[in-house]
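Engineer: Sequence:
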Amino acid sequence: MDSRKKNTAFTLIELIVVIVVLAILATIAFLSFSSQSASARDSTRLADMSNIAKWLSVFNAVSGKYPAPNDSITISASWTALRVQGYAWAKVLNMIKLSEWWKDPLDSGVFYTYSTNAAQSKFQLLWFLEDWSNTALSLNPFQP
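Taken in order, the sequence shown gives residues 28 to 171; the numbers are from my numbering.
Hints were generated in silico from the structure; no laboratory data involved. It should be emphasised that the depicted structure is a prediction, and the values quoted were computed from it without experimental measurement. There's no promise every hint is true.
Said to hold, decoys possible - Restraint ranges, calculated between C-beta atoms of paired labels, are given here:
#: 1; residue 1: Leu58; residue 2: Ala88; range: 31 to 37 Å
#: 2; residue 1: Ile40; residue 2: Ser160; range: 39 to 45 Å
#: 3; residue 1: Ile55; residue 2: Glu157; range: 16 to 22 Å
#: 4; residue 1: Asn144; residue 2: Lys81; range: 55 to 61 Å
#: 5; residue 1: Ile102; residue 2: Ala65; range: 30 to 36 Å
#: 6; residue 1: Ser77; residue 2: Asp98; range: 19 to 25 Å
#: 7; residue 1: Asp98; residue 2: Ala56; range: 21 to 27 Å
#: 8; residue 1: Asp134; residue 2: Val85; range: 26 to 32 Å
#: 9; residue 1: Phe37; residue 2: Ser77; range: 53 to 59 Å
#: 10; residue 1: Thr101; residue 2: Trp154; range: 44 to 50 Å
#: 11; residue 1: Leu49; residue 2: Asp98; range: 34 to 40 Å
#: 12; residue 1: Leu152; residue 2: Val47; range: 23 to 29 Å
#: 13; residue 1: Ala146; residue 2: Ala74; range: 54 to 60 Å
Stated by the list, open to error - Below, computed lysine to any residue pairings styled on SDA-like, alpha-carbon distance capped at 20 Å:
#: 14; residue 1: Lys92; residue 2: Thr140
#: 15; residue 1: Lys149; residue 2: Trp82
#: 16; residue 1: Lys149; residue 2: Ser99
#: 17; residue 1: Lys149; residue 2: Ser160
Quick reminder that beta carbons are idealized off the backbone N, C-alpha and C, glycines included.
All chains, full assembly: derive it from the sequences and hints.
Structural biologist: See the structure below:
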C-alpha cells in the first residue's frame, strides 16, 4: 500500500506568474480605454464648436453683429482696440438661446474661449484637444 498522498496545488511561483500576467493585461486594457475616452471627448469638443459657430452665425444674421464675450478683456495696440476676448457662456449662450451645458467635457468648470474683433463683425472660438492626431480633426468644419 502506498502511504504517500499526492498534493495537487499551485506553487507560489505559478501564482505569482498568473498575477503578473493579469496585471499586465489590466494595464493594457486601461491604457486602451483611456485613449478611447480622450478621443470621445475630442469629438465632443469639435461638435460643440461646430454647433456654437452655427448659432453665432444665426445670431449675427439676426442682429448684425456677434455678441460680446463674458468676462471680456480688450486686447489693443496703442492706436486701436484689436479684439475683445473672454468666455462664450452665460451671457452669450443666453443671447443665442443655448443652454449652459457647453463646457469642456474633461473639466466641466472650464468654458471655451470666444473672442470678437472690436466691431463685433468677426468671431473666433478657441478649444484644446487632448490628442491632435485624432481622426475627428478630419471632420473639423473650421479647416479650409
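Engineer: Run every hint past the structure and note whether it holds.
Structural biologist: So, going through the hints one by one against the coordinates:
1. Leu58 to Ala88: 31 to 37 Å: Given a distance of about 46 Å, which is not inside 31 to 37 Å, the answer is violated.
2. Ile40 to Ser160: 39 to 45 Å: holds (42 Å)
3. Ile55 to Glu157: 16 to 22 Å: Holds: the Cβ-Cβ distance is about 20 Å, inside 16 to 22 Å.
4. Asn144 to Lys81: 55 to 61 Å: violated (20 Å)
5. Ile102 to Ala65: 30 to 36 Å: holds (31 Å)
6. Ser77 to Asp98: 19 to 25 Å: holds (24 Å)
7. Asp98 to Ala56: 21 to 27 Å: Hint violated: Cβ distance 42 Å, outside 21 to 27 Å.
8. Asp134 to Val85: 26 to 32 Å: holds (28 Å)
9. Phe37 to Ser77: 53 to 59 Å: Holds, since phenylalanine 37 and serine 77 (Cβ atoms, about 56 Å apart) stay within the stated range.
10. Thr101 to Trp154: 44 to 50 Å: violated (22 Å)
11. Leu49 to Asp98: 34 to 40 Å: With a Cβ separation near 50 Å, leucine 49 and aspartate 98 fall outside 34 to 40 Å, so the hint is violated.
12. Leu152 to Val47: 23 to 29 Å: violated (48 Å)
13. Ala146 to Ala74: 54 to 60 Å: violated (29 Å)
14. Lys92 to Thr140: holds (18 Å)
15. Lys149 to Trp82: holds (14 Å)
16. Lys149 to Ser99: Given pair lysine 149, serine 99 holds - Cα atoms ~15 Å apart, limit 20 Å.
17. Lys149 to Ser160: Violated: lysine 149 and serine 160 sit about 28 Å apart, past 20 Å.
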